[in-house]
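Participant: Sequence:
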Amino acid sequence: MSQEILINLTPRETRVALVEHGVLQEIHLERARRRGMVGNIYLGEVRRVLPGMQAAFIDTGLERTAFLHVSDLQRGLGERAPPIDELIREGQSLLVQVIKDPIGNKGARVTTQITVPSRYLVLTPRSAGVGVSARIEDDAERARLRTVAHALGDEGQEGAGLIFRTAAEGASEQALRADRQFLVRLWESVRRRAEQAQPGHLVHEDLPLLLRALRDLATQDVERVRVDSREGYQQLRDFCHDLLPHLTERIEHYSGERPIFDLYGVEDEIQRALARRVELKSGGHLVIDQTEAMTTIDVNTGAFVGYRNVDETIFKTNLEAAQAIARQLRLRNLGGIIIVDFIDMADPEHRRQVMRALEKALERDHAKTQIGAVSSLGLVEMTRKRSRESLEQLTCEPCPTCGGRGTVKSAETVAYEIFREILREVQQFEAQRVIVLAAPGVVEVLLDEESTSLAQLEAFIDRPIELQVESLYTPDQFDVIPV
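Count the sequence shown with this note's numbering and you get residues 405 to 887, in order.
If you are wondering where the hints come from, they were derived from the structure by calculation, not from laboratory data. Quick reminder that beta carbons are idealized off the backbone N, C-alpha and C, glycines included. There are no misleading hints in this set.
Below, computed lysine-lysine pairings styled on DSS-like, alpha-carbon distance capped at 30 Å: (1) Lys720 - Lys772; (2) Lys764 - Lys685; (3) Lys685 - Lys772; (4) Lys789 - Lys764; (5) Lys720 - Lys789; (6) Lys510 - Lys789; (7) Lys789 - Lys685; (8) Lys720 - Lys764; (9) Lys685 - Lys720; (10) Lys772 - Lys789; (11) Lys772 - Lys510.
Pairwise CB distance ranges, derived in the manner of DEER restraints: (12) Ala679 - Gly782: 22 to 28 Å; (13) Pro844 - Leu783: 39 to 45 Å; (14) Arg756 - Lys685: 22 to 28 Å; (15) Val714 - Arg760: 19 to 25 Å.
All chains should be built: construct the whole structure from the sequences, respecting the hints.
Facilitator: Written out as structure tokens, the structure is:
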């Protein structure tokens, strides 16, 4: 699969685009003011233990205390977790790692099950054992990697485990050994800093996005990495020289006149990824709504009537939607609970094929996904691991007019509220006249569709009502001033 990584680097922001066959699949963004924390290791202090929730709040020195669940406390493989108040106590120091960034009003989620990643391997310094990425499907290769793991097990860190990442497929034993030695040295450095640190301090910070993108995204399928900064280009070359020598020659400095994200229409795709509606080539469309609790995706045929019968039209639309949904989840970095409402299909074979298409399209997703069975209401329930904020959460804020609801009161509704407010004001205050300040659309309704009602109200209160347009008012903002 032909892939390319485009990196747009400015002093305040780094943006990374993963493009497959000329189509944007993933966008990663990091701003200097709001750097992600996933992977960072802190020496924390237990502030509160909550036996009822089987959780604790940990002070890591961040703005909000971090959340630690009993399932994220270090324990032996297969052991059942005892009550959390038997494992930790208030005031205790704990070395913890962030596994989920603060999102909304929630603090970071942390674990004591520390992992230290590199290009090919993940070191688990506190738990022994060997794991191989599920995306490495070749049985012979999986067996080879496990053999290599046993050969490496006697070197360096005792009692530590290894996980072979997808990038380890085909890597030589020499490269894997060098990777493990690097991780052992890094963990020893982290451990020494933790011994000298005070609670509430950062002990180890994960790589910035510029370098993390190369570590996590640059698989064998990536043909080249283009960066539009000379300084960033040199940083990438230096990083590759030490850790990823095989990638060094694929890194290019982009010096074209067009902005790098104009290549392949990446900038336009980002704008479309922030829209609620996603058009399908067939004429159908998706409607994606992201809430705090879950994300819902509704599939519609729209104007698509291109096949011989209704069942075939619905089937083809759902098949196309399955591909589009998998791409949108990656592109928007949507996580948590996701509910998909495909168009109802009467044929069980059609349902099976659509579900298989969705599963296959999600295989390329680096985030772990789980798909449940179709519910009795015909909904597909799934989860996608969320560790960082979504594209919308990173780049947008709630609308100051609608408060994030996506709707505002109609001009007609506001007009009737104004009528009620006028009656309330003239009953409370002596006034010769009433001045109404409102948005242009509301004043237009009062002078047009509701002009008769306005005249009747004037007669009823026996006072003139003057209307004044306030162009800076929001659609549902108004003032009634008795004078």
